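Enquirer: Residues per chain are reported as follows:
Protein chains: 2
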Amino acid sequence: MIDLRPILLVHGLLLSILALGMVIPGLVDLLHGNPDWLVFVTSSALTGFFGVSLFLATRGGQFRFSIRQAFLMTATIWVILPAFAALPFVLTDPGLSYTDAFFEAMSGITTTGSTVMTGLDLTPPGILLWRAILQWLGGIGIIIMALSVLPMLRVGGMQMFKVEAFETQEKVLPRAASLASALAVIYVVLTAAWTVMLYWADMSALDSVLHAMTTISTGGYSSKDASVGHFRSWAVDWIITAGMIVGAIPFLLYLQAVRGRPMALLRDTQVQWFLGTAVVGVAMVAWWLWQEGGMDALNALRYAAFNTVSVMTGTGYATADYWQWGGVVGGAPVAVLFCLMFVGGCAGSTSCGIKVFRFQILGAMAAIQLRRLLQPSGVFIPYYNKKPIQEGVAEAVMAFFFMYALSVAFLAMLLGMTGLDHVTAISGAATAISNVGPGLGDVIGPAGNFSTLPDTAKWLLSAGMLLGRLELFTVLVLLMPRFWRD
Amino acid sequence: MIDLRPILLVHGLLLSILALGMVIPGLVDLLHGNPDWLVFVTSSALTGFFGVSLFLATRGGQFRFSIRQAFLMTATIWVILPAFAALPFVLTDPGLSYTDAFFEAMSGITTTGSTVMTGLDLTPPGILLWRAILQWLGGIGIIIMALSVLPMLRVGGMQMFKVEAFETQEKVLPRAASLASALAVIYVVLTAAWTVMLYWADMSALDSVLHAMTTISTGGYSSKDASVGHFRSWAVDWIITAGMIVGAIPFLLYLQAVRGRPMALLRDTQVQWFLGTAVVGVAMVAWWLWQEGGMDALNALRYAAFNTVSVMTGTGYATADYWQWGGVVGGAPVAVLFCLMFVGGCAGSTSCGIKVFRFQILGAMAAIQLRRLLQPSGVFIPYYNKKPIQEGVAEAVMAFFFMYALSVAFLAMLLGMTGLDHVTAISGAATAISNVGPGLGDVIGPAGNFSTLPDTAKWLLSAGMLLGRLELFTVLVLLMPRFWRD
Ligand SMILES: [K+]
Ligand SMILES: [K+]
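Chains as they are written, first to last, in my numbering: chain A, 1 to 486; chain B, 1001 to 1486.
Take the hints with a grain of salt, since some may be wrong.
[What the hints assert, rightly or not] Facing chain B, from chain A, some residues (calculated, C-beta under 7 Å):
1) A75
2) G293
3) A297
4) L301
5) A335
6) M417
Bear in mind the hints are in silico, worked out from the structure with no lab data behind them.
Keep in mind it's a predicted model, so treat the numbers as computed, not measured.
Backbone N, C-alpha and C fix where the C-beta goes; we use that ideal spot for every residue, glycine too.
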């Protein structure tokens, strides 16, 4: 039997933090004279009661995790949190069904950004802020998880990103806490910087905060039905484009830069490949919009940069219904965007997807295969970031890639079984597992919305977001009978 | 410098065989009083002249291949043969452009079955027979190649299917030749059996031969614009369904069965997984057609079985515009078919795609990853067909899977750049590399045709067919500068 106490302790702790987070939109609604403030107080009280009770009931045991406990804790926390985070969406008037509310909360906390809410332009500020806070908390949550739990669990090659401070489980807890705090400070500073910039670009104070939060977390929830396209502003578009890139780069490198090693950021090959891929993708899309789409060069570059970076980093904002570009200029930009959707950003950032380092490792392995064909007896060592790849990492990355494809295919089939058309089913599966946000086509495309989907599809998509956010294996391992055996 | 003489010798030999093959449709046209017989005589003379000249000019050297020569020979032969096989399509009246003719010949010889020809119902028998012969020769060609050259080249894990008779390069040439002949006999016998069955099912003699040839080779060229749907026959549908399955099973197992080891066929796990996947896929599609599509149970089974097996084995026949099923019963059948398109059949058969054994190995590797997550220090050995997987095979298979995905994505982008819409671009790339035949959507779907595509797209698709048929790496290795260095 797995000892659940340390797991429940963490649940209690994080639910208490969530309850505190609910106070903020409550205050904002109170300031705006909106009756929703009561919704947030109620939700906060309920969540806080549960959280504190759990914490009190389980404290005092030893705070040490076996591998099984760590898996179970990681997977369940991302289900429990949205389960409570959904409360304000249910209790507000007109409220969402619990299915819709859970979907919205899961989509928030996994930084996916698919939404079932319509009429955002008329939605009270509290709810809009709550959606942004969920993505913002989810963003910092995943950054810390990618440095602490995931490398320890060796999920999908993440052991490569093991940090000394987290390396042993007991002794360095103070150092781990200080590292996590330092990362959180950087996260806060970046969010504040983007808030100021957006405010400077003539956004309202609330919109600036909201969009800064969902930009740095590559979450993509906007306060406008037309997403960032609503603002029709050069400055806003470029500021957010830069912010999405910042959110998709490993945050540990920012910390190293601040601590006097700025070159670490520039010398990291994952960052180089990420930026290189983004530049090539933007250039291709911009070229088509300019040459074939009838845009002038600067507008082509602006729309291409914003929407390409948004899809690649998995942010999911839109300033154009980019899936329609195919009809105008041929399928190339759509094909580019669809492929980039799977690439995602860097490991250790807020963005999801397969991630750039995995493509680097897969590329290195494929190159070695080619060389081995010519020299069957040759010995070839694959490199990542100028160091030999540790044993077991390549296999883990390749298994991840395979399971990613399999998961998208399987989820697409299940979604199709709920009656969705094949474009919605396939792109819905891809966008959920890659935590991007919008899908393809008329229903869930950048101009569409997830509200019309059947409830079963919403639960399936929520499961897909969880699967993608937790790098697949953290969830899949729980499905093994072996996991539950003694 | 690579010594080209043994390569050109094989080219000469195979071109001479191709020239002989051209005589057959010539004879048929002569019997039917069709002036095209002259086209075939001319083409045969031209091809034969080239082939015999090459052969005579290069014979006498030693018939032994280095690895580089074997790669170059394998890749070039599949370009030279369609280059000449295209001649009858150009010379007939009204003839095709050379681009169209090369596309049709490449699609034939790689057993892809994508066609640019319209009005098949009115096309003279010689040309129809020539298309079928190309697929039939391509089918036996790939069976022998998968047992001889590919394992030696260790392409994508094919070294697992090394056969003793082909093992060393020199001594056993007579045994290799006898094995190849035995396989060819089985191929001929199966084709004859299906010809008889189709004739019994009221097809004309010519149509029976044609369809038997393109069924066993999982090629999919039909003599009718409406493909096999033209015949509106229960018997024809089921006979061909069975034939496509027969064509997608390793032919070496038939040989072993004939030689007194029938259980080898049933005990082969690749065959078991192939049949199991096909049964599940057919059952799913049939269930939807029955429950949601308003078909009675028997018709649902018939249409599901035929079209699902056709897509999965990469044959590409159609008895329905199955991509339209999505609009009627939801996206599930389309999603199932789209996924099965990548699966393909068994290694050592005539069908293409990623192939079942690779999914078995990828699955075994993923399962080991899951177990390793729980027991980081455990030692796990992956198995295939109840034997431990040889060193290097898993890496080769995983690299293959990655390069497959990358190739489809890359080709889709290039196709999009020629102005194709994204459904045509993405499904066109998938159908070409998987050698299936029809794509998705209105343009190149089962009810469509490749004739309207721009010329650049046709050349790109031809390259994709070649890449897929030669298991990617045989072609990719030629792109390495290292290959050409001394
Ligand atoms: K997102
Ligand atoms: K085919």
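Enquirer: Okay, which hints does this one fail, numbers in order?
Expert: Checked against the structure, the hints that fail are numbers 1, 2, 3, 4, while the rest are satisfied.
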